[in-house]
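Participant: Going down the list, the protein sequences come from chains Z and X.
Everything in the first sequence is counted per this note's numbering, starting at 6 for the first residue and increasing by one.
Everything in the second sequence is counted per this note's numbering, starting at 23 for the first residue and increasing by one.
FYI, nobody ran anything at the bench for these hints, they're computed from the structure.
Quick caveat, the model's predicted, so the values are computed rather than measured.
Ideal placement from N, C-alpha and C gives every residue a C-beta, glycine not left out.
Be careful, since some hints might not be right.
Label pairs and their calculated CB-CB ranges [said to hold, decoys possible]:
| no. | chain 1 | residue 1 | chain 2 | residue 2 | range |
| --- | --- | --- | --- | --- | --- |
| 1 | Z | 36 | X | 47 | 28 to 38 Å |
| 2 | X | 91 | Z | 23 | 23 to 33 Å |
| 3 | X | 52 | Z | 18 | 27 to 37 Å |
| 4 | X | 154 | Z | 70 | 22 to 32 Å |
| 5 | X | 39 | Z | 7 | 40 to 50 Å |
| 6 | X | 87 | Z | 24 | 18 to 28 Å |
| 7 | Z | 31 | X | 126 | 50 to 60 Å |
| 8 | Z | 70 | X | 63 | 38 to 48 Å |
| 9 | Z | 49 | X | 112 | 22 to 32 Å |
| 10 | Z | 25 | X | 92 | 30 to 40 Å |
| 11 | Z | 45 | X | 35 | 35 to 45 Å |
| 12 | X | 88 | Z | 29 | 25 to 35 Å |
| 13 | Z | 70 | X | 28 | 29 to 39 Å |
Pairs of lysine-lysine residues, derived as BS3-like cross-links and limited to a Cα-Cα distance of at most 27 Å, are as follows [as the list claims (entries may be wrong)]:
| no. | chain 1 | residue 1 | chain 2 | residue 2 |
| --- | --- | --- | --- | --- |
| 14 | X | 142 | X | 28 |
| 15 | Z | 46 | X | 150 |
| 16 | X | 142 | Z | 62 |
| 17 | Z | 41 | Z | 9 |
| 18 | Z | 41 | X | 142 |
| 19 | X | 28 | Z | 62 |
| 20 | X | 150 | Z | 7 |
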Amino acid sequence: MKVKVLFFASLRELTGIGQSEFETTEPARLDYIWSKTTGGKAMPANTLCALNMAYVKPDTLAGDGDEVAFFPPVTGGQPRHH
Amino acid sequence: MPAYLKATAFDPYQELVRYQRSQLASGSYGATASFVGSMRDFNLDDNVSRMTLEHYPAMTRHYLDRLCQATIGQFDLQDCLVIHRYGDIRPGEPIVLTAAWSAHRAQAFDACRHLMEELKSKAPFWKKETTDDGERWVHDEQSSSSEK
Chain Z
6 MKVKVLFFAS
16 LRELTGIGQS
26 EFETTEPARL
36 DYIWSKTTGG
46 KAMPANTLCA
56 LNMAYVKPDT
66 LAGDGDEVAF
76 FPPVTGGQPR
86 HH
Chain X
23 MPAYLKATAF
33 DPYQELVRYQ
43 RSQLASGSYG
53 ATASFVGSMR
63 DFNLDDNVSR
73 MTLEHYPAMT
83 RHYLDRLCQA
93 TIGQFDLQDC
103 LVIHRYGDIR
113 PGEPIVLTAA
123 WSAHRAQAFD
133 ACRHLMEELK
143 SKAPFWKKET
153 TDDGERWVHD
163 EQSSSSEK
C-alpha cells in the first residue's frame, strides 16, 4: 500500500519535507505516518490533518492510494468541527 | 457558482461586473452583496511589505466549490462568486472577493458574510509575512491580520 504524504507551510519547514510517500502493508493511523515519515519528530499540538482533502483526526486510518496532508492552523483559525 | 484561485493581482470590481453581466439574467435578482478583503501594510505593530499566501491547491478548490454550492442552497441564492489570491501579495492588493445574488437583501448580506467566515476558518491557506525583521508565519489566533 502506498500513501501520498504532504506537508504545508510551517510544517514543511519544520520537517524539511514537502511531499513524501509512505509504504505500509495495512492501513495506518495518520499520527503513525507522521512519525515514520518525519523520522520521529514530535507533531506540534496544533497540527491539522487531512485525508483525501477532508479534515480528520490524527487517529484516522489511511490506506492504499490515499492522500494525507499535515498543516498548521489555517489563516482564520481552527475549523469549527475539529 | 464558481470559485477561482488567482496567482496574480485582480480587480474585484471588474470581476464582479463581468461575472454578473455574463452569468446572471437582468431582473432575476433583487440584491447583490459583495465583500473585498485586501492586504494591509501593518500587522502586530510591524510594517509588512509583502505577504506570501500558500495553499493546498486540490483541497482549496474542492472546499471552495463545495462551499459555494452549499451556500446557494442554504440561503436560496440566485448565484455566488468567490475569487481568492495566492502567492506573493503586496499591500493594497485585493486578496479575496465574495459575492452573493438573491431575490432579497437579507439573504445576500447573510450569504456574503457566511462565505467569508467559512472560507477564513476552513480553507487551507497560510500567510507568511515579510516585515522589517524578516519573515514569519501568521495565524489569526495571533492577529486580526493583513486584511480580512
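Participant: Which hint numbers does the structure go against, in order from smallest to largest?
Facilitator: Checked against the structure, the hints that fail are numbers 1, 3, 4, 11, 18, 19 and 20, while the rest are satisfied.
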